[in-house]
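Trainee: Keeping their order, the protein sequence lines are chains A and B.
Under the numbering used here, think of the first position of the first sequence as 108, with each following residue one higher.
Under the numbering used here, think of the first position of the second sequence as 2, with each following residue one higher.
Please note that the accuracy of each hint is not assured.
What the hints assert, rightly or not - In the DSS-like style, the derived pairs of lysine-lysine whose C-alpha atoms are separated by at most 27 Å in a straight line are:
#1 448(B) to 418(B)
#2 484(A) to 80(B)
#3 450(B) to 478(B)
#4 80(B) to 460(A)
Said to hold, decoys possible - Sample of chain A residues with no beta-carbon within 12 Å of chain B, all distances over it, derived:
#5 123
#6 343
#7 426
Source of the hints: derived by calculation from the structure; they are not laboratory data.
Where a beta carbon is used, it is the ideal one built from N, C-alpha and C, also for glycine.
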Amino acid sequence: MHEATIAQLSQALQDRRVSSRELTEHFLSRIARLDADLNAFITVTQDEALSQADAADARLATSKATPLTGIPIAHKDIFCTEGVKTSCGSRMLDNFISPYDATAVAKLKQAGAIMLGKTNMDEFAMGSSNETSYYGPVHNPWDRDRVPGGSSGGSAAAVAARLVCGATGTDTGGSIRQPAALTGVTGVKPTYGRVSRYGMVAFASSLDQAGTLTRTAEDAALMLQIMSGNDERDSTALPEPVPDFSKALGSPWENITLGVPDNFFDDGLDSDNAQTVRDALSVFEGLGATIKDIHLENVHLSVPAYYVVAPAEASSNLSRFDGVRFGYRAEGIEDLTEFYMRTRGEGFGAEVKRRILTGTYVLSAGYYDAYYLQAQKVRQLISQDFARAFESVDLIAGPTTPTPAFGINQKTGDPIQMYLNDIYTIGANLAGLPALSMPCGLVDSLPVGLQLIGPHLSEDRLLKAAHYFQKETDWHTLVPPGYAN
Amino acid sequence: MDWETVIGLEIHAQLATASKIFSGSATRYGAEPNTQANLVDLGYPGVLPVLNRDAVCMAIKFGLATDCEISHRSVFARKNYFYPDLPKGYQISQYELPIVKGGHLDIVLEEGEVKRIGITRAHLEEDAGKSLHENFHGLSGIDLNRAGTPLLEIVSEPDLRSAEEAGTYMRTIHTLVRYLGISDGNMQEGSFRCDANVSIRIRGQTKLGTRTELKNLNSFRFVEKAIQVEIERQIEVLEDDGEVIQETRLYDADKNDTRAMRSKEEANDYRYFPDPDLLPVIIEEGLIERLRSELPELPEAKRKRFVNEYGLSEAVAAELTATRETGDYFEQAVSSQPNVSPKRIANLIQRELTAALNRDGLKIENSRVTPETIGELAAKIEDDTVSSSAANIVFDDLWHAGDSGNVDSVIEKRGLKQITDISAIETMVDEVIAGNPDQVEQFRRGKEKVIGFLVGQIMKTSQGKANPQQVNELLRKKLRD
Numbered sequence: 108m109h110e111a112t113i114a115q116l117s118q119a120l121q122d123r124r125v126s127s128r129e130l131t132e133h134f135l136s137r138i139a140r141l142d143a144d145l146n147a148f149i150t151v152t153q154d155e156a157l158s159q160a161d162a163a164d165a166r167l168a169t170s171k172a173t174p175l176t177g178i179p180i181a182h183k184d185i186f187c188t189e190g191v192k193t194s195c196g197s198r199m200l201d202n203f204i205s206p207y208d209a210t211a212v213a214k215l216k217q218a219g220a221i222m223l224g225k226t227n228m229d230e231f232a233m234g235s236s237n238e239t240s241y242y243g244p245v246h247n248p249w250d251r252d253r254v255p256g257g258s259s260g261g262s263a264a265a266v267a268a269r270l271v272c273g274a275t276g277t278d279t280g281g282s283i284r285q286p287a288a289l290t291g292v293t294g295v296k297p298t299y300g301r302v303s304r305y306g307m308v309a310f311a312s313s314l315d316q317a318g319t320l321t322r323t324a325e326d327a328a329l330m331l332q333i334m335s336g337n338d339e340r341d342s343t344a345l346p347e348p349v350p351d352f353s354k355a356l357g358s359p360w361e362n363i364t365l366g367v368p369d370n371f372f373d374d375g376l377d378s379d380n381a382q383t384v385r386d387a388l389s390v391f392e393g394l395g396a397t398i399k400d401i402h403l404e405n406v407h408l409s410v411p412a413y414y415v416v417a418p419a420e421a422s423s424n425l426s427r428f429d430g431v432r433f434g435y436r437a438e439g440i441e442d443l444t445e446f447y448m449r450t451r452g453e454g455f456g457a458e459v460k461r462r463i464l465t466g467t468y469v470l471s472a473g474y475y476d477a478y479y480l481q482a483q484k485v486r487q488l489i490s491q492d493f494a495r496a497f498e499s500v501d502l503i504a505g506p507t508t509p510t511p512a513f514g515i516n517q518k519t520g521d522p523i524q525m526y527l528n529d530i531y532t533i534g535a536n537l538a539g540l541p542a543l544s545m546p547c548g549l550v551d552s553l554p555v556g557l558q559l560i561g562p563h564l565s566e567d568r569l570l571k572a573a574h575y576f577q578k579e580t581d582w583h584t585l586v587p588p589g590y591a592n
Numbered sequence: 002m003d004w005e006t007v008i009g010l011e012i013h014a015q016l017a018t019a020s021k022i023f024s025g026s027a028t029r030y031g032a033e034p035n036t037q038a039n040l041v042d043l044g045y046p047g048v049l050p051v052l053n054r055d056a057v058c059m060a061i062k063f064g065l066a067t068d069c070e071i072s073h074r075s076v077f078a079r080k081n082y083f084y085p086d087l088p089k090g091y092q093i094s095q096y097e098l099p100i101v102k103g104g105h106l107d108i109v110l111e112e113g114e115v116k117r118i119g120i121t122r123a124h125l126e127e128d129a130g131k132s133l134h135e136n137f138h139g140l141s142g143i144d145l146n147r148a149g150t151p152l153l154e155i156v157s158e159p160d161l162r163s164a165e166e167a168g169t170y171m172r173t174i175h176t177l178v179r180y181l182g183i184s185d186g187n188m189q190e191g192s193f194r195c196d197a198n199v200s201i202r203i204r205g206q207t208k209l210g211t212r213t214e215l216k217n218l219n220s221f222r223f224v225e226k227a228i229q230v231e232i233e234r235q236i237e238v239l240e241d242d243g244e245v246i247q248e249t250r251l252y253d254a255d256k257n258d259t260r261a262m263r264s265k266e267e268a269n270d271y272r273y274f275p276d277p278d279l280l281p282v283i284i285e286e287g288l289i290e291r292l293r294s295e296l297p298e299l300p301e302a303k304r305k306r307f308v309n310e311y312g313l314s315e316a317v318a319a320e321l322t323a324t325r326e327t328g329d330y331f332e333q334a335v336s337s338q339p340n341v342s343p344k345r346i347a348n349l350i351q352r353e354l355t356a357a358l359n360r361d362g363l364k365i366e367n368s369r370v371t372p373e374t375i376g377e378l379a380a381k382i383e384d385d386t387v388s389s390s391a392a393n394i395v396f397d398d399l400w401h402a403g404d405s406g407n408v409d410s411v412i413e414k415r416g417l418k419q420i421t422d423i424s425a426i427e428t429m430v431d432e433v434i435a436g437n438p439d440q441v442e443q444f445r446r447g448k449e450k451v452i453g454f455l456v457g458q459i460m461k462t463s464q465g466k467a468n469p470q471q472v473n474e475l476l477r478k479k480l481r482d
């Protein structure tokens with residue numbers, strides 16, 4: 108059962124060839140058997156999942172089912188889930204049971220999707236390797252000595268190892284696409300505002316975007332169809348209507364122009380990775396696409412701009428974790444200053460503290476103009492570069508990451524090396540553009556990701572291009588060794 | 002040394018919206034602690050603010066009423082600091098781009114002189130919660146009912162030159178926001194409070210002196226007293242060759258002095274930056290025009306109209322326009338008695354009615370005597386049916402009778418119909434002359450003032466029924482005889 112995609116299982120459920128209970132039990136048993144070595148889950152909600160599955164089976168017998176009714180999925184532990192621990196990978200929220208569902212969670216629940224649990228992640232989504240989690244690192248199913256990427260590393264590993272059909276993730280600087288690339292799955296970060304941020308624990312509000320990790324673009328379309336749309340609880344959610352993604356996927360191929368930025372093929376890119384991506388581009392050429400070299404003037408500034416804007420917002424967003432109303436609270440406190448210092452000192456891990464310090468610094472009087480304002484100007488320039496590029500190309504294509512998955516502990520001592528992992532993905536966040544990563548080959552038996560970036564609200568175009576690529580290739584069907592059965 | 006005082010006020014007016022500025026919680030005062038705080042107010046993980054449109058409209062109305070420029074684009078910013086009653090660890094406010102700016106307001110000083118006070122800006126922000134330090138046995142309690150309540154912070158130019166001017170300006174703003182219906186202005190409940198920036202300089206200098214900020218002044222009287230005592234303190238410091246330190250000071254009403262709270266050196270760096278959870282507020286011209294058309298007659302216009310239309314003095318007109326309801330009451334009374342002098346009606350409202358309202362702690366809109374009844378009573382004075390002093394008694398009866406009071410029947414029942422029968426008055430005059438030989442002697446020796454005492458005696462014995470003018474004339478005639 109676990110070898111099938113969401114689209115296939117959805118058909119099987121509707122044809123009553125399999126029940127949601129059978130599916131749910133099957134995936135729960137895989138989690139029980141295989142997750143000890145992966146650490147992809149922080150919480151498994153077995154009892155709730157089984158009762159949801161029974162409800163889904165009842166619903167499947169009526170005409171009120173959706174394509175996701177009865178499909179087992181998992182949520183990144185950054186999404187608030189009513190009555191279920193929502194830790195955000197942090198000791199700070201280890202005791203936090205959310206009293207409400209995030210909008211994306213509620214929509215998937217209403218559609219009848221079954222939540223099997225909450226997936227591991229870098230603490231507060233700050234990391235590119237899933238090593239900053241309070242709950243320990245996630246292991247890459249392709250090589251358990253390697254990282255799965257981050258911050259949505261638990262979701263990526265769970266989908267890659269077939270512990271679940273699909274999972275939610277969030278992407279602030281590449282946190283869906285980078286782990287998708289490193290684990291050989293399809294990760295979609297929609298346009299900023301396409302999916303409501305309500306109920307997603309905020310990291311960097313102007314960059315955070317929820318999306319999906321699935322095996323195929325077709326499956327991503329099914330999940331995003333449910334998750335997307337306006338939300339009166341999120342002022343930054345986009346009011347534009349959501350097109351029918353699956354219908355877009357099924358529409359006939361039109362010749363498109365793919366822009367390939369020369370600056371994405373720089374010295375930092377592993378040469379084997381580069382070749383794999385170029386081979387993938389020729390698949391598109393075979394479909395009739397035109398490949399055009401482009402140059403993004405300011406994209407090399409995206410990492411420094413990001414590491415000003417994101418920590419600045421994070422330093423403020425994380426101020427609410429003060430031990431007063433919820434979450435971790437240090438014991439034996441004498442006064443207010445000590446209360447804050449010890450609660451936050453003990454509740455947050457090292458990477459989170461590093462970013463809070465950086466963010467506080469760049470917003471401080473005397474530094475604001477030189478750092479925060481300057482970074483916002485750079486952000487504008489990067490957005491303009493993309494806008495100009497999209498005047499002559501339909502999508503931009505390139506690598507998702509500089510290298511395949513690296514070793515656990517390999518980069519933890521060097522934050523700059525770690526941050527450079529997101530060099531190709533951050534631009535889309537700064538410009539608010541939709542982007543995805545899909546598997547396009549193997550290097551040293553490790554998956555490599557191809558990234559596609561589209562103009563605002565072009566999810567349908569992106570998904571369609573990915574779908575046609577996946578019809579021509581079988582990289583997305585490869586199962587990590589040892590997880591086929 | 003001739004010192005000049007320079008004062009600027011920052012007034013916080015709580016906006017009279019039904020719900021909070023960024024959440025759907027109610028804003029009612031006095032609810033059980035933490036019963037009006039939802040997940041957004043509590044700053045739970047993942048929640049987001051959504052701007053209350055009514056608060057924006059109210060801020061625009063204030064801007065229009067004070068000739069401010071309405072910003073077509075304004076931005077909410079986060080003011081970051083830690084305090085247990087500030088749930089998110091930041092307050093959502095406006096910093097570089099406030100919703101309205103660059104206006105002014107005219108205030109009327111004691112001598113009737115009109116002074117124009119500049120309004121730098123007014124911006125929207127959310128209130129914090131409340132820390133409770135009593136009854137928690139060494140711990141602190143937090144009540145977040147107030148967290149997220151919409152405030153309009155109104156910042157004046159440093160145009161005020163005395164404690165009295167500051168008090169007058171604050172009263173004028175208070176009147177204005179209540180006219181506009183954008184704040185209930187209730188000071189006991191903290192809906193209207195102010196911070197004062199105070200400095201002094203030698204008269205003639207243009208450079209501002211070092212200022213101190215007086216925090217959280219929540220009554221007109223405290224504003225004036227606090228500023229006055231702070232001015233005196235600064236003068237003393239400077240005349241002793243000392244230096245005024247830029248700092249925040251608290252006014253202690255019991256001791257009537259101010260003391261330092263925190264100095265600039267330890268001041269917070271609030272790390273303001275635009276709030277990425279909220280879009281810039283874009284205000285279309287159409288909305289501004291619609292709100293402009295909805296503005297009521299403003300206090301200043303009404304005051305001027307009362308002077309012109311009803312022949313009232315500036316001072317009386319100012320008093321009768323202090324609230325929209327007082328002006329309405331007056332005009333209802335006047336229109337019910339077109340032939341009675343508006344001044345006489347104004348007089349009754351200012352004296353009898355105001356005294357009774359104050360005594361019973363009522364607002365004029367809850368008055369026990371209707372405007373029509375006041376008009377009728379004024380008419381009875383005007384046509385000499387009752388004297389002014391008898392009218393006091395009639396008013397008191399009407400007040401206590403409430404709705405059931407009828408002017409004619411009270412006059413009848415009390416027998417307060419004015420005595421104009423000359424022979425009856427003559428008898429009373431004769432009695433008074435006979436009973437007060439000392440005063441009569443004094444009058445005859447030229448101490449004319451004594452006549453007032455003698456008239457008073459007659460009014461007393463007649464229970465106010467004698468026509469005082471007739472009494473006066475007859476008394477003088479008889480005393481000269």
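Trainee: Next step is simple, just say for each hint if it's right about the structure.
Mentor: Results for each hint:
no. : hint             : in the structure
1   : 448(B) to 418(B) : violated, 32 Å
2   : 484(A) to 80(B)  : holds, 22 Å
3   : 450(B) to 478(B) : holds, 15 Å
4   : 80(B) to 460(A)  : holds, 20 Å
5   : 123              : holds, 37 Å
6   : 343              : violated, 7 Å
7   : 426              : violated, 2 Å
Violated hints, in rising order: 1, 6 and 7; the structure is consistent with all others.
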